[in-house]
Amino acid sequence: MSGGKLIRKGCALALAAALSVSLLACGSKENGKSSAGGMEEAQEYVYVPEYLPLEQEENTYMNTAVFQGDRMYYSTYAWNEETGESVYNLCYRALDSLDTEVVLPVSFEASEGYEASMGDFFFDPEGNLYLMWHIYPIYVEGKEYDYEDNTIYIAKYDSQTNQLWATDIGEAFTDENNRYIQDAVVSREGKIYASSSNVVYVFRADGTYLKTIPTNTDWINGMVEAGGRVFIMQYGMSGMELVEIDTATDVPGATFGKLPDSNGTIMGGEEGKLLISGAGKLYEYDLATQETGVVLDWIDCNIDGNYARDFTVLSDGRIAVFYNNYQDGAELTLLTKTEASEVVQKQVLTLATLHEGNSTLQRAAVAFNKSNKEYQIKIRTYIDNTVEWTETTYSDAIA
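In our numbering, the protein residues as written are 263 to 661.
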């Protein structure tokens, strides 16, 4: 078959919709493995979504959320037109009182002539807060600006937000124009592991720089501390993979393969397992067997998985998802595991496509699903990225 015919046939598949009857909820078969293109199995349970808007003041933007206990922490950014200054705050909302925003009293006093902007934050296993502060010169009109004159501090705060220490980590960066941290975690021993592009920086428990760990990838896609173990998620020769960091020697250790595509969010699950958020699905990865199972399909929950980057499993089994596509506003979605027989049914329009993660398609489906009481669009992908590609992967998907 010619390339043109393949493309036309693929487009026809993507536009074809098969009508069936399913459930108004997002779900997965218990311990179900991902299987692209197969017949739908009867669902034993579903995750019923509850959408809770997170109101913000005008021109104030919520950034990455971190769940800690019964709270959702997040940073906000706003521009003060009167003073001409950026305003950063670190806040939290209790999950049982989302209308109440609490602003934490954290700040950083930069040296004269410099200003500080709030960066990412994270917690250690004991619940202490770590906050990145980016320090750079204040712009002075008519004076040449020194873009290389910048650094990053890590500041540690206790559970009462008392600052315990603040350490300049600038010596870790060899490239003056490449000073940033993507993700960071704290080991049980108190050491800080922070990723930046394709390296991992290691800092002692007081924030002082210890060493840099090189990797064999061009890009680290995420980090997690789970069960006392530290992992990085990276692009390898055969796709996404996990690499464990030996926290005793601070060198790369075992590699785990056959990971699903991910939007960069990974967290600890049950013992020996990790939860990984992909653009289309939420997965559970078993470290012992290196197998991936599907927990739920984001589109079935009316969520575009490209923006489902912050989530947690609550003590009562619900899954809390912070969702913000920066156009429709931020919201918290609570997913409750429910027996399928207890959920109202909808007719499902199944949209067939080859690849997972088309955000334009997913946002359109979400908008339709939320506004329609009778029909639900479900997106089914025919290329399974949790298994290794072969020379027939594409042709099999087309067939």
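FYI, nobody ran anything at the bench for these hints, they're computed from the structure.
This one's a predicted model, so the numbers in the text were calculated from it and none came from an experiment.
Just so you know, even glycine gets a beta-carbon here, dropped at the ideal spot from N, CA and C.
Wrong hints could be hidden among the right ones.
[To be verified] Between beta-carbon pairs, the in silico distance windows are:
1. SER633 - SER379: 32 to 40 Å
2. GLU604 - TYR656: 35 to 43 Å
3. GLN444 - GLU371: 42 to 50 Å
4. THR436 - ASN342: 32 to 40 Å
5. SER359 - PRO399: 23 to 31 Å
6. GLN552 - SER379: 36 to 44 Å
7. GLU604 - PHE630: 44 to 52 Å
[To be verified] 25 Å max Cα-Cα, derived DSS-like pairs, lysine-lysine:
8. LYS635 - LYS608
9. LYS453 - LYS473
10. LYS405 - LYS453
11. LYS520 - LYS535
12. LYS608 - LYS632
13. LYS535 - LYS599
14. LYS520 - LYS453
15. LYS599 - LYS635
Hint check:
A beta carbon spacing of about 39 Å between SER633 and SER379 agrees with the range 32 to 40 Å that was offered as a hint. A hinted range of 35 to 43 Å for the beta carbons of GLU604 and TYR656 is consistent with their spacing of about 40 Å. The hinted window of 42 to 50 Å between GLN444 and GLU371 is violated, with their beta carbons roughly 26 Å apart. For THR436 and ASN342, the hinted distance range of 32 to 40 Å is satisfied, since their beta carbons lie about 36 Å from each other.
SER359 and PRO399 have their C-beta atoms about 41 Å apart, which leaves the hinted 23 to 31 Å range violated. Checked against the given bound of 36 to 44 Å, the beta carbons of GLN552 and SER379, roughly 40 Å apart, stay inside it. Between GLU604 and PHE630, the C-beta spacing of about 24 Å breaks the proposed range 44 to 52 Å. Restraint check: the Cα-Cα separation between LYS635 and LYS608 comes to about 8 Å, which is no more than 25 Å; the hinted pair holds.
Pair hint LYS453 plus LYS473 holds up; C-alpha atoms about 11 Å apart against a cutoff of 25 Å. Simply put, LYS405 and LYS453 have alpha-carbon atoms about 40 Å apart, too far for the 25 Å limit, and the pair is violated. In summary, the hint linking LYS520 to LYS535 is supported, as the alpha carbons are separated by about 14 Å, within the 25 Å threshold. Between LYS608 and LYS632, the direct Cα distance comes to roughly 12 Å. Compliance with the 25 Å bound is thereby established for this hinted pair.
Between the alpha carbons of LYS535 and LYS599 the distance comes to roughly 19 Å, so the proposed pair stays at or under 25 Å and holds. About 29 Å separates the Cα atoms of LYS520 and LYS453, which puts this hinted pair outside 25 Å; it is violated. For the hint linking LYS599 to LYS635, the alpha-carbon distance of about 21 Å falls within 25 Å, and the restraint holds.
Checked against the numbered hints given earlier, this structure breaks hints 3, 5, 7, 10, 14; the rest are met.
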